[in-house]
Amino acid sequence: MYTDGLKIASSSNKELWVLGFTLLDLPMKIRFSQSNFVYLAMWYSEFKPPWQIFSNEMNKQLNDGIKIENIFHDFKVLQVNADMPARAIVLNCKQCGYTPCLRCDVVGTRTGNLIQLSNRETLKATASSYQNLLKQSLSDEQRKTDEQNSVKGKSAFDQILRIPECITGDIMHSGYYGPLKNDFAEILKIKSVRKAFDESIEK
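If you read the sequence shown in this note's numbering, its first letter stands for residue 1464, the second for the next number, and so on.
Calculated from the structure, these hints are not laboratory results.
A virtual CB, placed ideally from N, CA and C, is assigned to each residue, including glycine.
A couple of the hints might just be wrong.
Calculated cross-link-like contacts (lysine to any residue; reagent style SDA-like; alpha-carbon spacing at most 20 Å) [as the list claims (entries may be wrong)]: (1) Lys1598 <-> Lys1615; (2) Lys1615 <-> Ile1516; (3) Lys1539 <-> Asp1621; (4) Lys1530 <-> Leu1489; (5) Lys1470 <-> Val1481; (6) Lys1511 <-> Ile1471; (7) Lys1557 <-> Leu1489; (8) Lys1539 <-> Asp1568; (9) Lys1470 <-> Leu1489; (10) Lys1587 <-> Ser1602; (11) Lys1617 <-> Ser1602; (12) Lys1598 <-> Leu1577; (13) Lys1511 <-> Lys1539; (14) Lys1511 <-> Glu1478; (15) Lys1539 <-> Arg1625; (16) Lys1511 <-> Asp1568; (17) Lys1615 <-> Lys1644; (18) Lys1530 <-> Gln1515; (19) Lys1511 <-> Lys1598; (20) Lys1617 <-> Glu1662; (21) Lys1523 <-> Met1464.
What follows is a set of in silico ranges between Cβ atoms, one per label pair, in the way DEER data are often shown [said to hold, decoys possible]: (22) Ile1534 <-> Cys1559: 36 to 46 Å; (23) Lys1617 <-> Gln1579: 25 to 35 Å; (24) Gln1497 <-> Arg1625: 41 to 51 Å; (25) Ile1653 <-> Ser1592: 40 to 50 Å; (26) Arg1573 <-> Asn1519: 13 to 23 Å; (27) Ser1496 <-> Val1540: 34 to 44 Å; (28) Glu1665 <-> Lys1617: 45 to 55 Å; (29) Cys1559 <-> Asp1621: 17 to 27 Å; (30) Asn1533 <-> Gln1579: 37 to 47 Å; (31) Glu1532 <-> Gln1579: 50 to 60 Å; (32) Phe1500 <-> Lys1615: 27 to 37 Å; (33) Thr1589 <-> Phe1510: 30 to 40 Å.
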């Protein structure tokens, strides 16, 4: 599953949001083709998409199977590929805060106006630990007092997503446009490293 939003015009405050799927069980040659993207929903507004208006029919169709040439095919959603803002909308969780990661149990500490995430001894979240956070979020009393719970409520796609196993990293912002990009750029300024890198790519 993939989703993201973008502005069509810089002068507009509206965004176009796309939700769709890429099919994986295909020959490698066509798996990464642009034509291998199934559009499920689009939303154009100044407000973030309320995916629940599309999710009931979508969940039912995927759970029941899709008929192609008179044959029903089962489809399973393996991963959610989205940046942090888009992922927060799909999963109905906080984008940041004390617990910005639904894949692990890391909890930040407040230092002034900042939240510091320095604990490296974290454990992976499980389906049961996510369900516990979900139950807490659905409790009015706990929701008022528990700032560390990143789950805001049920995801519109909870019937087809295996949360938290389906969550992927935000490689676009944390890698391609983040510290990793800056590190690679500095490393590749070294002529010998750049040459070795180019040679490995050619192979």
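Results of checking the hints against the structure:
1. Lys1598 <-> Lys1615: holds, 10 Å
2. Lys1615 <-> Ile1516: Distance ~18 Å between lysine 1615 and isoleucine 1516 Cα, so the pair holds.
3. Lys1539 <-> Asp1621: Holds - the C-alpha atoms of aspartate 1621 and lysine 1539 are around 13 Å apart, at most 20 Å.
4. Lys1530 <-> Leu1489: holds, 17 Å
5. Lys1470 <-> Val1481: With Cα atoms ~12 Å apart, lysine 1470 and valine 1481 stay inside 20 Å; holds.
6. Lys1511 <-> Ile1471: This hinted pair holds, its Cα atoms lying about 15 Å apart.
7. Lys1557 <-> Leu1489: violated, 34 Å
8. Lys1539 <-> Asp1568: violated, 26 Å
9. Lys1470 <-> Leu1489: This hinted pair is violated, its Cα atoms lying about 32 Å apart.
10. Lys1587 <-> Ser1602: With a Cα-Cα distance of about 24 Å, the restraint between lysine 1587 and serine 1602 is violated, given a limit of 20 Å.
11. Lys1617 <-> Ser1602: Holds. Lysine 1617 to serine 1602 sits at ~12 Å (cutoff 20 Å).
12. Lys1598 <-> Leu1577: Violated, at about 28 Å.
13. Lys1511 <-> Lys1539: violated, 26 Å
14. Lys1511 <-> Glu1478: holds, 8 Å
15. Lys1539 <-> Arg1625: Measuring from Cα to Cα gives roughly 10 Å; hence the hint holds.
16. Lys1511 <-> Asp1568: At roughly 27 Å apart (the allowed maximum being 20 Å), aspartate 1568 and lysine 1511 break the hint.
17. Lys1615 <-> Lys1644: Violated: lysine 1615 and lysine 1644 sit about 32 Å apart, past 20 Å.
18. Lys1530 <-> Gln1515: violated, 24 Å
19. Lys1511 <-> Lys1598: Distance of about 25 Å is beyond 20 Å: violated.
20. Lys1617 <-> Glu1662: This hinted pair is violated, its Cα atoms lying about 49 Å apart.
21. Lys1523 <-> Met1464: holds, 16 Å
22. Ile1534 <-> Cys1559: 36 to 46 Å: For isoleucine 1534 and cysteine 1559 the Cβ distance comes to about 45 Å; the hint holds.
23. Lys1617 <-> Gln1579: 25 to 35 Å: Holds - the Cβ-Cβ distance for lysine 1617 and glutamine 1579, about 30 Å, lies within 25 to 35 Å.
24. Gln1497 <-> Arg1625: 41 to 51 Å: violated, 27 Å
25. Ile1653 <-> Ser1592: 40 to 50 Å: holds, 43 Å
26. Arg1573 <-> Asn1519: 13 to 23 Å: violated, 39 Å
27. Ser1496 <-> Val1540: 34 to 44 Å: Violated, at about 20 Å.
28. Glu1665 <-> Lys1617: 45 to 55 Å: holds, 49 Å
29. Cys1559 <-> Asp1621: 17 to 27 Å: holds, 22 Å
30. Asn1533 <-> Gln1579: 37 to 47 Å: Cβ of asparagine 1533 to Cβ of glutamine 1579: about 58 Å, so the range 37 to 47 Å is violated.
31. Glu1532 <-> Gln1579: 50 to 60 Å: Check passed, 55 Å falls within 50 to 60 Å.
32. Phe1500 <-> Lys1615: 27 to 37 Å: holds, 28 Å
33. Thr1589 <-> Phe1510: 30 to 40 Å: holds, 33 Å
Violated hints for the displayed structure, listed by number in ascending order: 7, 8, 9, 10, 12, 13, 16, 17, 18, 19, 20, 24, 26, 27, 30.
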